[in-house]
Amino acid sequence: MRAADFYTGIVAEAYGPLRGEVVEAGPYLDLVRAEGEPALELGCGDVGPFLELVAAGVDVEGVDSSADMVRRCREKAAAQGLTAAVHHQRMEDLALPRRFRSVYLAGATFNLLPDDATAAAALLSITRHLVPGGAALVPLWSPPPTPAEQIGRVREAVTEQGRQARFHVVGEEYDADARTRTTHVRYRLDGPDGVQEADRDWVMHWYTDDGFRQLAEDAGLTVEHVEVPADDERVVLLRRAGS
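The working numbering runs 3 ahead of the 1-based position in the sequence shown.
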C-alpha cells in the first residue's frame, strides 16, 4: 500500500494525535537558513515542521501524496491565518513550476517509498526541483521488526474533532533481503455517529549506506554529509552540482 492510499479517510484524522513522535522544526529551519529560500517540504502532511516554518515567515511550499492530508493542511493553515502553498502530488512524480534552494523530508518519510525504483524516481524529482548547488536533507531509518509484545497493544488518543482514536498492530511481515517491513495495522474512531474502522498495510523500505549513495549519485546528487543519530538512523545531506 502506497502512502497516498494509507493516509486517507479516518487515518488522516487519527494519524496526528496517535503519532508516537514529534518531529521538531529546528533542524529544518536551520537547513533553510544555511542553504537559502525558497524551500520545499516533501510529505508535509498536516503535522510537523511545515506550518511552523510558514508561521516563521519562511518561503516554503509543501507537497503530499494524500489528498486528505493536503486538505487538512490547508484547513489548519487557514485556521491559523497563514497563507500556505500545498500541492497534491507524489514525490516520485513531482512537477512543480518552481525550483528550490532547500528541499527536505521530515522524519522517515522517504522510507514510505515502497522500493528502490520508486526511490530512484523520487531522487530524480528532487534533483529536477533543486537549483544548481541546492541541497536536500533526507532522514532515513532501518526499522527493526515490531517487538512481539507491541502486537495487539492498543494506543489511544482524542482527535481535534473530539473523537476517540485507537490504533494497534495486527501482524507483520519482515523481509530483510528485500529491506521491507509490512506492518498490518487497524485504526478505529469512536464518535457520536458510531464506530469506524480501517485496516492498512504500513510499508517501510530501507537502504544500505552504499545503496542509497548509489541511488543518489545516479540521480545527479552527491552525498555531502551523513549524521548518525542512532545505529538505525541516518540523516543525509545531498547536493546538486553547480552554483
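Keep in mind the hints are simulated off the structure, nothing from the lab. In this text, all values refer to a predicted model and were calculated from it rather than measured experimentally. Please note: incorrect hints may appear among the correct ones.
To be verified - Derived lysine to aspartate or glutamate pairs resembling EDC-like cross-links, with alpha carbons at most 20 angstroms apart:
id : residue 1 : residue 2
1  : Lys-79    : Asp-62
2  : Lys-79    : Asp-96
3  : Lys-79    : Glu-27
4  : Lys-79    : Asp-213
5  : Lys-79    : Glu-55
So, going through the hints one by one against the coordinates:
Between Lys-79 and Asp-62, the direct Cα distance comes to roughly 18 angstroms. Compliance with the 20 angstroms bound is thereby established for this hinted pair. Simply put, Lys-79 and Asp-96 have alpha-carbon atoms about 25 angstroms apart, too far for the 20 angstroms limit, and the pair is violated. Restraint check: the Cα-Cα separation between Lys-79 and Glu-27 comes to about 18 angstroms, which is no more than 20 angstroms; the hinted pair holds. Proposed proximity of Lys-79 and Asp-213 is contradicted: the alpha carbons are some 39 angstroms apart, above 20 angstroms.
Between Lys-79 and Glu-55 the CA atoms are separated by roughly 11 angstroms; this keeps the pair inside 20 angstroms, and the hint holds.
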